[in-house]
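Construct all of the structure, not just a fragment, from the sequences and the given hints.
Counting in the numbering used here, the sequence shown runs from 1301 upward without gaps.
Take the hints with a grain of salt, since some may be wrong.
[What the hints assert, rightly or not] List time: in silico DSBU-like cross-link candidates among lysine-lysine, alpha-carbon distance up to 35 Å:
#1 K1435 to K1644
#2 K1684 to K1713
#3 K1587 to K1713
#4 K1684 to K1435
#5 K1608 to K1713
Quick caveat, the hints were computed from the structure, so don't treat them as lab data.
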Amino acid sequence: MKLTGLLKARLKEYESRDFSIRTDEFPYQRMALYITFFALLARLVVAAFYLNSYDTEWNIMWAVQLGDGFFSAHTHVDQLDYPPLYLYPLYLVGRLVNIQSIGSYPPFRMLAIKCLPCLSDSLLCYVLWHMSSRKNRPLGLAAAALWAMNPAAIFNCACWGQTDCVLMLLAALVMLALDGGHLTAAGVLWAVMCSTKLQGVYLTPVVGMEALTVCFGSLRPGEFSIRRITRPQAARFLKFVCAAAGTLAAVYLPFMLGAGFSENAPQLTFWEKFCKPVTVYSEGVAKYPYCTLNADNLYMLAGLNGVKDSRTLLPGLTVARLGTLFLLLAVALVVAAYLFGRRKSHWLAGFLFMECVFMLTCRQHERYQMLALVLLMGVLLRLKDRRLLPFYLLQSMVIFFNQFRVLNQVREKSGWWSYYKYGGGSAEWTLHSGEYAKVNAFFNLLLFIAGLLYCVSFFTRPERGEPSESKRGA
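Below, the structure written as structure tokens:
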């Protein structure tokens, strides 16, 4: 009886409490965690049951072969073109796949290789929330929800099982560290990013220019002078360089020594094997010498998909040289934004550079524009410009369709549909894939031009409250 009375009293007390959610007490952080958790759960469900062997089986093969010699991997793993750091999670994947109950059951096999990309992409939701958690919590929560539902991101990690989402998480963390002026952390994270995926190197001009700005202040002519550099400023920049170099050394040296002293690849000298983990960058770039390989960019629009970039356009000018020229111009744009820009945003500079690289340089794949997308979300959160929201949505759809077209065309050719025996076993849309690619590339080019105009306007327009040049002259 006493127990019953106690329970009734507790129940009455519970019912009398106020559980309503008030605006001033809204649990933003808890909601961000919920969004992150449900984003991960949704991605893992899709990952398990979207069976895909394109690229994933290559990565699984590498993962298994890592068991034959981990630190000497670059001398014996077939066609390995990944930097060393991502080999650590791949090694775990290989051990999991070697378990019969996992490796022989396709959904578990998919989870093994797709788990880290899905986890990274889900954690990115929380990182985006954290970016605005102090100044504009509703905006940060909206950004987390938008990324959780982003079709391009979901398709990249959960359907395809690519590692671009790992790169995007690291890139966001690098830019976030630069936001707070944490240069040591930025140096370490930059090195980790470059040691995880080759495309991380693309952000080097932006990271370098921003680090210089954080250390020495404005780089604009007339405001910067080498003579005014103080010892603490120089020491701070040196600390950034040492953090990056030390991290690279810690990652690469074990693999370089392992490769150098390996008995594999006897046709190579010690120094050739020793440098293998570093030359993987140049080897990775040289592996696909095409104007574009399924990337819906300027070269796709020109009908150069799968065409060698050694094709001559004019006497002395090949497509590869044109792409290199565009790359140098993109670097010059970033430098000019820091030297002469009226306003500063390393997020926008990074977005501008990645868009130029994807749209104008050669040897791009359909997935490489994903890095520009996360930088665009960072720009949206930092500048709080409502015009960027529809731009972000349109850019997401273009990138999603680019990936969807490529992967699902491969799946159609693999005959996954043969079990159902529909309509003679063919999908008519694949016959027009090239036309769809050009249409998507056209819309992508329009978005690129719009983004370029926005960036130029931002960097050349003065801050609010700052007098224009004409008023200064008056």
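- Message: Holds or violated: K1684 and K1713, Cα atoms, limit 35 Å.
- Response: Given pair K1684, K1713 is violated - Cα atoms ~44 Å apart, limit 35 Å.
- Task: Would you mind confirming whether the straight-line C-alpha gap from K1587 to K1713 stays at or under 35 Å?
- Result: Holds, because 23 Å separates the two Cα atoms, which is no more than 35 Å.
- Query: Hey, K1608 versus K1713, does the alpha-carbon distance stay inside 35 Å?
  - Reply: 24 Å, holds
- 35 Å Cα cutoff - pair K1435, K1644: Within the cut-off at roughly 19 Å; holds.
- Regarding the pair K1684 and K1435, is the alpha-carbon distance no greater than 35 Å? 11 Å, holds
Checked against the numbered hints given earlier, the structure breaks only hint 2 and satisfies all the rest.
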